[in-house]
Each structure stands twice: as C-alpha cells, then as structure tokens.
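Enquirer: As they're listed, the protein sequences go chains A and B. Each residue of the first sequence is one higher than the one before, starting from 0 at the first, in numbering that gives the first Met the number 0. Each residue of the second sequence is one higher than the one before, starting from 0 at the first, in numbering that gives the first Met the number 0.
Keep in mind that the hints were calculated from the coordinates and are not lab data. Quick reminder that beta carbons are idealized off the backbone N, C-alpha and C, glycines included. One or more of the hints may lead you astray.
To be verified - The list that follows gives simulated cross-link-like pairs (lysine-lysine, BS3-like), each with its CA atoms no further than 25 Å apart:
| no. | chain 1 | residue 1 | chain 2 | residue 2 |
| --- | --- | --- | --- | --- |
| 1 | B | LYS29 | A | LYS96 |
| 2 | A | LYS36 | A | LYS96 |
| 3 | A | LYS103 | B | LYS2 |
| 4 | B | LYS29 | A | LYS103 |
| 5 | A | LYS95 | A | LYS38 |
| 6 | A | LYS170 | A | LYS96 |
| 7 | A | LYS170 | A | LYS38 |
| 8 | A | LYS103 | A | LYS38 |
| 9 | A | LYS170 | A | LYS36 |
| 10 | A | LYS36 | B | LYS29 |
| 11 | A | LYS95 | B | LYS29 |
| 12 | A | LYS96 | B | LYS34 |
| 13 | A | LYS36 | A | LYS167 |
| 14 | B | LYS34 | A | LYS38 |
| 15 | A | LYS36 | A | LYS95 |
| 16 | A | LYS167 | A | LYS96 |
| 17 | A | LYS95 | B | LYS34 |
Claimed, not checked - Cβ pair distances, simulated, as ranges:
| no. | chain 1 | residue 1 | chain 2 | residue 2 | range |
| --- | --- | --- | --- | --- | --- |
| 18 | B | ILE7 | A | ILE181 | 45 to 55 Å |
| 19 | B | ILE8 | A | ILE181 | 32 to 42 Å |
| 20 | B | LEU26 | A | LYS170 | 34 to 44 Å |
| 21 | A | ILE181 | B | THR1 | 50 to 60 Å |
| 22 | A | ILE4 | B | LEU26 | 15 to 25 Å |
| 23 | B | GLU3 | A | GLN123 | 19 to 29 Å |
| 24 | A | ASN131 | B | ALA15 | 46 to 56 Å |
| 25 | B | VAL11 | A | SER163 | 56 to 66 Å |
| 26 | A | THR76 | B | ARG28 | 20 to 30 Å |
| 27 | A | VAL45 | B | VAL11 | 30 to 40 Å |
| 28 | A | ASN63 | B | VAL32 | 51 to 61 Å |
| 29 | A | LEU192 | B | LEU26 | 37 to 47 Å |
| 30 | B | VAL14 | A | VAL158 | 43 to 53 Å |
To be verified - To be clear about the criterion: a stretch of chain B counts as covered by chain A if any three or more of its residues have a C-beta under 8 Å from a C-beta of chain A, and this derived list gives those stretches:
| no. | region |
| --- | --- |
| 31 | 1-7 |
| 32 | 14-27 |
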Amino acid sequence: MNILISFLLAILSSMLIDNVVLSRFYGICPFLGVSRKVKSSLGMGVAVVFVIVLATVICWPLYNFVLVPAGIPFMDTVAYILVIASLVQLVGLFIKKYSPSLYKSLGIYLPLITTNCAVLGVAQGNTDQGLNFLSSLANGIGTSVGFLLIIVVFSCIRVRLESSNVPKAFKGLPIALIVAAIMAIAFMGLQGLFSGIQL
Amino acid sequence: MTKEAYLIIAIVILVALLVTFIVSFVLYRKTPVPKGCENIEINEENCSHCSHKECSHFIKRDEE
C-alpha cells in the first residue's frame, strides 16, 4: 500500500512540481506551436504521453540490462534516440492511417514529437539520476501527463486570448510567453508539497 | 555470460532498433496522406520559431 501511495505521489510530484515545460523549458516548440486549438493540443499531449511512457519502459531496461553490462553506457543517447524515433514513426503512422482529423489538426507539428526534448530528457534523466524502474515509470507518467495538462490549460487560455483586447505589441507569441511565465510562477507555488518520496 | 556476449547482444539490439526505425520510416512515407490533408496551411506566426528541417515550410523559408 505504501509503495502504491509513494508511486502516486511521485507521479503527482513530476506532474505538478517538476513540470518539465515550466521548470526546465523542455518541449517548448510543441508547447507554443500546437497550443492554439484545444483539440490539437489534446491530441499532441496524448501522443506525447504514449511516447514518453513507452520510451521509459523500453529505455530503462535497455540501459541497465544491455548497455551497462556490455560496458557501453556512453551509447545511451544513441539508443534512446533510436527508440524514440521509432516510436514516433509508429505513432505518426497510426495517426495518419486511422485518425485523419487528428493528422490534419496536428499538421506539420506531428514530427515535432521526435524533436520534443522532454521525451529524451525524461529517458536520459532517469538513468542519470540512477532511478529504479518504478521511480522511472512514475517520473515518465508524471512528466508526460504534466505536459498534457500544461499544453491543454495553455491552449484554453490562448483560445480566450484570441477574443480579448490585447495591446497590439503583445498580440500573438509575446502574450503567450507572458501567460506561460505566469503559469510557471503559479506552479512554483506548489514546491514543497511532496518531499522525500522514495519508491 | 561474458562481457563479449553482452556486447554482441547490445550491438544486435541497437541494429534491430535501427532496422525498426528504417522500416517504420518507410511505412510512414508510403502511407497515403488522408484526403483533405494534402496542403496543410502554415501558420507563419507559430512557425517562425521552429526549425524542424524536414518541414516543407522550413526548407522553403531556408531557400528564401
């Protein structure tokens, strides 16, 4: 029971306190690029959740059971990039084949999941910090759901901004960046909510 | 198992990952673009900060 609670707390911690978009500026490109419509941001968020969780599940054993025993842990980045690129191609293939509406709404941003550094950052961070599998999984789930949460909330705000009276100099990306900064400050307020979580 | 055996397994897995990527890439390219998505509009404002080199808009902008 304690492990389950710690697992859930670790997910919440990565999701709200260590949110990669707002605290480390990972994944800014899709965050700004795909957040004009709620539907497309939701699609991008779900695709990123799928890719990050699967990448975590594959990369952790790959590093600990293959690369480290073989004496080539320095090949981790190459291996992770191959895993992530393959996963993104498969997700893209699935969306292209079975969900034309999502394909259209994501548009040119679909390949951006590959260049979303949050995906590589989570996989790399898990091994660099020496986390065990359960902690890595919690970190992966929390980070990806945090990305989904932030991009959807941000797109909802941007939809409202479209119809609000913003000074000309701030229209478009400047006001979006100011909103992102205010969101980051708001999430900073959650620091210290959970501390000393050990799985 | 010896270290050499682990090394061979690691190389095989990395090659398998590379093959998986190439196969999925070829399949993605061969899958026809859904109807109505042939000419997806570019949003100049949002595209200006992005530098994805495979994007047709980026290539066009780079040439200009």
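Enquirer: Next, verify each hint and record whether it holds.
Expert: Hint-by-hint comparison with the structure:
This hinted pair checks out: LYS29/B and LYS96/A have alpha carbons roughly 11 Å apart, not beyond 25 Å. The straight-line distance between the Cα atoms of LYS36/A and LYS96/A is roughly 22 Å, inside the 25 Å bound, and the hint therefore holds. For a cut-off of 25 Å, the pair hint linking LYS103/A to LYS2/B is broken: about 49 Å separates their Cα positions. Our distance criterion of 25 Å between C-alpha atoms is met by LYS29/B and LYS103/A, whose separation comes to about 18 Å.
The straight-line distance between the Cα atoms of LYS95/A and LYS38/A is roughly 16 Å, inside the 25 Å bound, and the hint therefore holds. Between LYS170/A and LYS96/A, the direct Cα distance comes to roughly 36 Å. Violation of the 25 Å bound is thereby established for this hinted pair. With a C-alpha separation of about 22 Å, the suggested pairing of LYS170/A with LYS38/A holds against the 25 Å cut-off. Proximity of LYS103/A to LYS38/A is assessed by CA-CA distance (about 11 Å); at most 25 Å being required, the pair is judged to hold.
Between the alpha carbons of LYS170/A and LYS36/A the distance comes to roughly 16 Å, so the proposed pair stays at or under 25 Å and holds. For the suggested pair LYS36/A and LYS29/B, the alpha carbons sit about 29 Å apart, so the restraint of at most 25 Å is broken. For the hint pairing LYS95/A with LYS29/B, the CA-to-CA distance comes to about 11 Å; that is within 25 Å, so the pair holds. Pair hint LYS96/A plus LYS34/B holds up; C-alpha atoms about 11 Å apart against a cutoff of 25 Å.
Taken as a hint, the LYS36/A and LYS167/A pair is honoured in the structure, with Cα atoms around 21 Å apart against an allowance of 25 Å. Restraint check: the Cα-Cα separation between LYS34/B and LYS38/A comes to about 19 Å, which is no more than 25 Å; the hinted pair holds. At most 25 Å may separate the alpha-carbon atoms for a hinted pair to count; LYS36/A and LYS95/A meet this at roughly 19 Å. A hinted pair counts as satisfied when its Cα atoms are at most 25 Å apart, and LYS167/A with LYS96/A does not qualify at roughly 41 Å.
At roughly 10 Å between alpha-carbon atoms, LYS95/A and LYS34/B fall within 25 Å of each other, so this suggested pair holds. Here the CB-CB span from ILE7/B to ILE181/A is close to 54 Å, well matched to the stated 45 to 55 Å. As the Cβ distance of ILE8/B to ILE181/A is approximately 50 Å, the hint placing it in 32 to 42 Å is violated. Hint check: LEU26/B to LYS170/A, Cβ distance near 41 Å, so the stated range 34 to 44 Å holds.
Take ILE181/A and THR1/B: their Cβ atoms lie about 57 Å apart, and the range 50 to 60 Å holds. A hinted range of 15 to 25 Å is violated for the C-beta pair ILE4/A and LEU26/B, which are about 42 Å apart. Against the hinted window of 19 to 29 Å, the Cβ-Cβ separation of GLU3/B and GLN123/A comes to about 27 Å, which satisfies the hint. At roughly 26 Å, the beta carbons of ASN131/A and ALA15/B sit outside the given window of 46 to 56 Å.
Restraint check, VAL11/B to SER163/A: a C-beta distance of roughly 57 Å satisfies the suggested window 56 to 66 Å. Distance hint check: the CB atoms of THR76/A and ARG28/B are about 25 Å apart, consistent with the given range 20 to 30 Å. The hinted range of 30 to 40 Å is satisfied by VAL45/A and VAL11/B, whose Cβ atoms lie roughly 33 Å apart. Distance hint for ASN63/A and VAL32/B: a CB-CB separation of about 40 Å, inconsistent with the stated range 51 to 61 Å.
Between LEU192/A and LEU26/B the beta carbons are some 44 Å apart, a value that agrees with the proposed interval 37 to 47 Å. Take VAL14/B and VAL158/A: their Cβ atoms lie about 46 Å apart, and the range 43 to 53 Å holds. Three residues within the 8 Å Cβ limit are the bar, and the region 1-7 of chain B against chain A gives 3, so the coverage statement holds. Counting residues of the region 14-27 of chain B whose CB lies closer than 8 Å to any CB of chain A gives 8, so the stated coverage by that chain holds, three being the minimum.
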